[in-house]
Amino acid sequence: MKKLLAVAVFLGLAMAQTIAEITRQVQANLERSPWEATLTGRVQMPDGSTQEAEFRLQVIPRELARVEFKKPAALEGNFVVISEKEVWNYLFLTNQLIIQPRAKARVEGLGVNLTDLSDLEQLTERVTLRLLGEQNTPAGAAWRIGGVPKDASLGFASMELLVLKADPRPLYVTLRDANNRVLAELGFSGFRRTNLTPQALRKRPADAEVIRRN
Amino acid sequence: MNPWVYLTAAAVLWGSGFAQSLTFGLYGRLSDRFTPTLEATLPLGNFDLGARLQRDALGLGLFGATEFSALGRLTYGVRAGLGFAGWGVEGRVGGTVGPVAAGLEALYSTTLRSHLWVGDEAEGGLRLDLWGRYRLGPRETLGLGLGFKRDLAGFSSGTGELSYALRQQQTYTFGLGVDDSRLYALLGWRGELDEAGTLLEATLRAGQLWRLEATLTAPLDEGLSNLKLRLTAAYPWAATLELEAYGFRADASYDGGFSLWLRYTLSFGGDE
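Just so you know, the protein sequences line up as chains A and B, in that order.
Heads up, the final residue of the first sequence is numbered 272 in the working numbering, and it's a clean run with no missing numbers.
Heads up, the final residue of the second sequence is numbered 1006 in the working numbering, and it's a clean run with no missing numbers.
Just so you know, these hints were derived from the structure itself, not from any lab.
Calculated cross-link-like contacts (lysine to aspartate or glutamate; reagent style EDC-like; alpha-carbon spacing at most 20 Å): (1) A:Lys223 - A:Glu79; (2) A:Lys261 - A:Glu94; (3) A:Lys261 - B:Glu956; (4) A:Lys261 - A:Glu142; (5) A:Lys128 - B:Glu874; (6) A:Lys129 - A:Glu243; (7) B:Lys962 - B:Glu947; (8) A:Lys261 - B:Glu926; (9) A:Lys261 - B:Asp928; (10) B:Lys962 - B:Glu978; (11) A:Lys223 - A:Glu94; (12) B:Lys883 - B:Glu855; (13) B:Lys962 - A:Asp265; (14) B:Lys962 - A:Glu267; (15) A:Lys162 - A:Glu144; (16) A:Lys261 - A:Glu134; (17) A:Lys129 - A:Glu110; (18) B:Lys962 - B:Glu929; (19) A:Lys128 - A:Glu112; (20) A:Lys162 - B:Asp782; (21) A:Lys143 - B:Glu956; (22) B:Lys883 - B:Asp854; (23) A:Lys208 - A:Glu179; (24) A:Lys208 - A:Glu218; (25) A:Lys143 - A:Glu183; (26) A:Lys129 - B:Glu874; (27) A:Lys223 - A:Glu179; (28) A:Lys261 - B:Glu929; (29) A:Lys223 - A:Glu192; (30) A:Lys261 - B:Asp955; (31) A:Lys261 - B:Glu935; (32) B:Lys883 - B:Glu857.
All chains, please: the whole structure from these sequences, using the hints.
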C-alpha cells in the first residue's frame, strides 16, 4: 500500500513538473520575439447568443499586446492595447479611446482574456493547469492541458488548451461554464514572428476622443 | 467675479491635490464682455465632479461611466449652472453596446446658455437632442439625429438628420436633413493623409442652409499629443476657428460679433 502511495505521489510530482516544464517552454518560446496570430472560432456573447469570432493578436513580449476585433461584425474596428500599466480600449462607433489603469480595467469582456494566452506564466497564477495527455493535430503533435480557475472572477469554470510540441505555443483553447457549456472555442492560425514596434501596436485614429478613467 | 476669487479657487483646487485637470482661460467678446474662465474636474467616488467658474456664473456637474471593455460603455451626467442672468440644468445619458450607439441630452435654462458658460450656445429655454448610430454591417453605419427646442420667447423648432456612412480606406458619408423647415443634403469625407496618421474630416451641409466643418488632426509625438485645427463656416454668416496643441487651445469665432477664448489645461491624471 505504501509503495502504491509512493508511486502515486511520484507520478503526481512528475506530471506537475511536466506541466511546469511545458509552461516554461511556451513562455520562453513566445518571449523570444514579437509575434502575431489570428484567433478564429466562436464566442458566447453576454446576451447568451453564440457568434463567430475573429481576433488579430499582436504581441511584443513583456511590453505590449494588441487585440483587433474583426468578427463579430458588431465589434469590427474595435481594439484593445494592453501594456504593463494601462489598458487602451478603442470603440469604433463613438471614436473613443478609453484609457484605464491595468489593475482596474476589465479586459475579459468576452469571457476570455485573450492576452493571458500570450502570457502562460501569468495564466498559471490564476488557473490551476494539469496535463491531460497528448493529441495529434493538423499542425503536429500537441499537449492537451486542462485548467480550472483559482477564483470565480475569470468568468469560466474550466478550460482546455492544446499546445504544439514542436514549437511550444497554444493551438486551440476552449472555455466552458459550470454547466459544461462552451463559452469560447478559439483556434490560433497564421502564427508568425515579425518585427512589431510599440508605435504600430499603439496605432489609433488621431482624432479619437481620449478619455482617462482612473 | 473678483479675480482673487478666481485665483483662490484655482489655488485651492490645485493645492488640494484632488483635481484631475484644471483649465485656465480668458474669454473676450469684442465691445461686449471679458471674463476669466476656470474649469476643474475632480474624482468623487465612481463619478467625476466638474466645476466651471466665470465672472458672473458658476456651474457644477457630476458625470459617470460604466465600461464594458471592447463591448461598449455607458455614460451619464447632470449639470446645473447659476449666474446673475439666470439658471440652467442639463442631463445626458449615452452609450454604445455592440452594434448600437445612442444618446439623449436634455437642457433647460432661463437665460441664454452662453450667459452661464461662455462656451455654450447663445440660446435659452428647452432643448432635447437624441442621436443614434447603428452598424448595418462591418463597414456600414446608419446615423440618426433628432432635436427639438423651445426658446425663451416660446418659439418651437425641430431638426432631423439621417445619414449613411461607408468605411473603406476612407469613410464617405451621405445624408439628408431638415433644420427648422430648411432642407439640406450632407456629404462627408474622413481619411488619413499620410503614414504618420494625420487625419482630415470634412462635412458639408448644403441646401437651404450651408455649413462646412473641417477638422485636421496631426500626431505631434509617439504619445497622445495632437495638433488639432478645426474650422467651421456657415451661412447665414458664422465661423469658428479652433487650434489645439499640448494642452493649449484657442477658439476664435464670429457670429455677428467677434470673440476669442484662450485656454490652457493642466492634467494630473497620471500620464502614460
